[in-house]
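Participant: Turn these sequences into a full structure, and let the hints guide you.
The sequence shown begins at 53 in the numbering used here and counts up by one.
Think of the hints as simulated: they come from the structure by calculation, not from any bench. Even glycine gets a Cβ: it sits at the ideal position worked out from N, Cα and C. Careful: at least some of the hints might be erroneous.
[What the hints assert, rightly or not] Here are the simulated BS3-like cross-link-like pairs (lysine-lysine), alpha carbons at most 27 Å apart as the crow flies:
1) LYS127 / LYS156
2) LYS130 / LYS156
3) LYS130 / LYS85
[Stated by the list, open to error] Per label pair, the in silico range of CB-to-CB distance:
4) MET53 / GLY91: 42 to 48 Å
5) ARG155 / ALA66: 41 to 47 Å
6) LYS130 / LEU57: 39 to 45 Å
7) ILE59 / PRO177: 32 to 38 Å
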Amino acid sequence: MIRFLLIVVLFVFAWELLWWTLGVAPLSPWRLKRMLSQGVNPPILLDVRTAFEYNWMHIEGAIHRPHALTDSVRKELKEADRPVVVICFSGHRSPIMGYLLMRKGLRNVSYLSWGMLSWYLSGGPVIRGAG
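Facilitator: Quick look at the structure:
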């Protein structure tokens, strides 16, 4: 059992380190809460989950763009000239999407570490429904 837990911890650490070295920094739910509460140049919350997941629960103010690599979405994000935080359910899709957005020219992209799961478990407020 200890060996299994050690492997899981190493995998999680390696996953976070991989995306960090590629330029997509993980963002803890506590840090995101702090950024949102400051109100000065708040980040764009880009939710890339499915419609079902988004309607189940999402962060207030998040924009739902499951197909974030389209030209129109990239243009929308670039024109906003604000930091972008990519959100998925568990933190496995969002760093990939963040990396792809950076490859397409976006800057200042991070992802919510462990996704909506960490946001909810840390007591972050959620909106239910299409909002």
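Participant: Can you let me know if the beta-carbon spacing of LYS130 and LEU57 is within 39 to 45 Å?
Facilitator: Hint holds: Cβ distance 42 Å, inside 39 to 45 Å.
Participant: Can the restraint linking LYS130 and LYS156 be considered satisfied, given a maximum Cα separation of 27 Å?
Facilitator: 11 Å, holds
Participant: Quick check: does the Cβ-Cβ distance between ARG155 and ALA66 fall within 41 to 47 Å?
Facilitator: Violated, since ARG155 and ALA66 (Cβ atoms, about 21 Å apart) do not stay within the stated range.
Participant: Does LYS156 sit within 27 Å of LYS127, going by the straight-line distance between their CA atoms?
Facilitator: Answer holds: LYS127 to LYS156 is near 10 Å, not above 27 Å.
Participant: Does the Cβ distance between MET53 and GLY91 fall inside 42 to 48 Å?
Facilitator: Holds: the Cβ-Cβ distance is about 46 Å, inside 42 to 48 Å.
Participant: Is the distance from the Cβ of ILE59 to the Cβ of PRO177 consistent with 32 to 38 Å?
Facilitator: 34 Å, holds
Participant: For a C-alpha distance cap of 27 Å, please report whether LYS130 and LYS85 respect it.
Facilitator: 23 Å, holds
In summary, the structure is inconsistent with hint 5 from the numbered list given earlier, while agreeing with all the others.
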